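If you're matching them up, the sequences are chains G and E in order. The first sequence runs 1 to 269 under this note's numbering. The second sequence runs 1 to 344 under this note's numbering.
Honestly, I wouldn't trust all of these hints.
Said to hold, decoys possible - Here are the computed lysine-lysine pairs in the DSSO-like style, where the Cα-Cα straight-line distance is at most 30 Å:
#, chain 1, residue 1, chain 2, residue 2
1, E, Lys-27, E, Lys-330
2, E, Lys-104, E, Lys-121
3, E, Lys-104, G, Lys-233
4, E, Lys-121, G, Lys-233
To be verified - A few chain G residues that face chain E, going by a derived Cβ cut-off under 10 Å, partial list only:
#, residue
5, Ala-52
6, Trp-55
7, Thr-188
Hints listed in this document are in silico derivations from the structure and should not be mistaken for laboratory results. Everything numeric in this text was worked out from a predicted model, so none of it was measured. Glycine included, each C-beta is placed from N, C-alpha and C at the ideal position.
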Amino acid sequence: MEQEQLILWIALVAYVGAGCVAIFAQVMKRRPERSVLALLILGLLLHTLALALRWERLGHGPFVTMYEILSSNIWSLALIYTLASLWIRQIRPAAALVMPVLFLMMGWMMMTNPGGGLLPSTYNTVWLYIHIGFGKIFFGSVLVALGLAGVILSRALAGSTRFARMPDNVSLEELAYRFLMLGLIFDTLMLMAGAIWARDAWGRYWSWAPLESWSLMTWIFLALAIHLRLTLKPRHTVSALLVVGVFALGFLTFFGIPFITQAPHKGMV
Amino acid sequence: MATIEQQRVGSNGAPVWQLLVWLGSLKFTLVALLLLLAVVVRALTLADGFTWWVAPPLGVLALNLLAAILVNPLFRRQLPLLLFHLSLLALIVLVGVGRMIYLKGWAEVSEGAAFDGQLVKYEAGPWHSWALDRVRFVNERFTINYAPGPRRTTTLNRVRLFDEAGGSRVQVIGDDRPLIMRGYRFYTTFNKGYAPVFQWRPDAASSPVTGDVRLPPFPGEALRQHTSWNLPGLAEPVWVQLEFDEAILAEERASVFRPPARHHLILRSGERRFEMKPGDQVRLGEAGLLSYQGLRTWMGYNVAYDWTQPWLVAAVLLAVCSLAWHMWRKYRQRSWLSSADNRG
């Protein structure tokens, strides 16, 4: 366990290093994108190893305790952002805004109990993995959109010279909403896989449990944001705020509801 | 959700057509989505009976989708978009049909006993075609394993299923493996407990009747292992309590739910009090004879019926695939970079 914790710590230091370099570069108007990506990839490799060691030790995936949920989501969010950065070079400077979100989750993870939990028998299904996989792609897509929306809002607040090397707001908004669309697709798939799992586990596919209601609220708000942009064509800042709203609602659903619900499924993804 | 494209509608100025155009517009979609969002927010503060609240916004969305499909020329040009909207419409219709034909219930079956088609409690749609009396199975036995804590782990329930021709077969269900018969799905639950078995003979001339009395769930209500019931021919209800000293589920080690090795019952009828062990008999009323035959366990089952569920999954998959197809075609044709960025 000590070895696993040590590897995880080094991975987190690499993530923090990536985020700090990205923020420093924005302040000093430097271009360290390759260093940021290298640190992110290093962090991801080590984090993958730490998660694999834990999986091997406990005999189940990282989705039972809050510590595991946060750790696996930090991993998946970092992975999706890194893949998006490798694919679309222009978005790399947005790491300065994306990484602080991961810092928040890392800090939270440090305060939770790293001990193992017991895997409930209803979690012993392939639908759990499908449900979680879709959920992670959904939230990762929304995180990338959040980073782009953050750039638009930074420019609105601190002047258009911020993130000067990134495309203009028209392009960023278009790309952010393409990622939101990807998020909508995977959010839908996540809900569907969750419904199938719920039927197998508890005999019903929907029961208006708090987590289910919050998930549906997130889905509706996501669909609403996409429709609102197409229909009313709001200003870039309003569109960006809608993206922030979707992320905030998704974050609350993923990580907030487990604290308040007594339902069988407490959002442990 | 209506189209995600700019809408261009025909120039027909007939009032009905104009109404359809308005109903199928993206702005109307926004109204419907806002209405649905408001209802779901309301769901957080309501408990049972909420489902019908969703009907109006879903009806509005269905109207919006139908009108959009009818009046929007885009759907005739773009197959994936048409498929997406048709599958969403099918989804809403299926959800509606599901609410009309569903059954959600609760059954308790003692070990060694047959399911008698009766539910302890249930809710059902008005079009549900009751066929529970044709579901025949016997709860032969079950094992529930506990990890230290105690924390429940696996449930294995051996049931014997009987078909119409008189044949039978054994199946092991539990956790996420339900028993499925005639479209009904029976799921084992964490609710289970003990059931003392009695034989009752109201008088010397009557035939004895054997039955069990299900006590409250264990260990959920471990400190309330008592209940009362009415015996035929007795004016007053009989009260019974199960007593035992041993810890069935251990805190420090793995354990299995089972009947206690040693136990006795406290029985009260009117002012009279008895202690009973398996094999004991007591006289109740004028000539009644109650004998205690032993302790069984009982299992609580969630019972569900809704044939629309696989079709719902199919509709969602079709919606997602057609949306992905549409977006892929659309995004491939147009770069996300604005003309200014492209020039740069």
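Run the structure past the numbered hints and jot down the numbers of the failing ones, going up.
Hint check: 3, 4, 5 and 6 fail, others pass.
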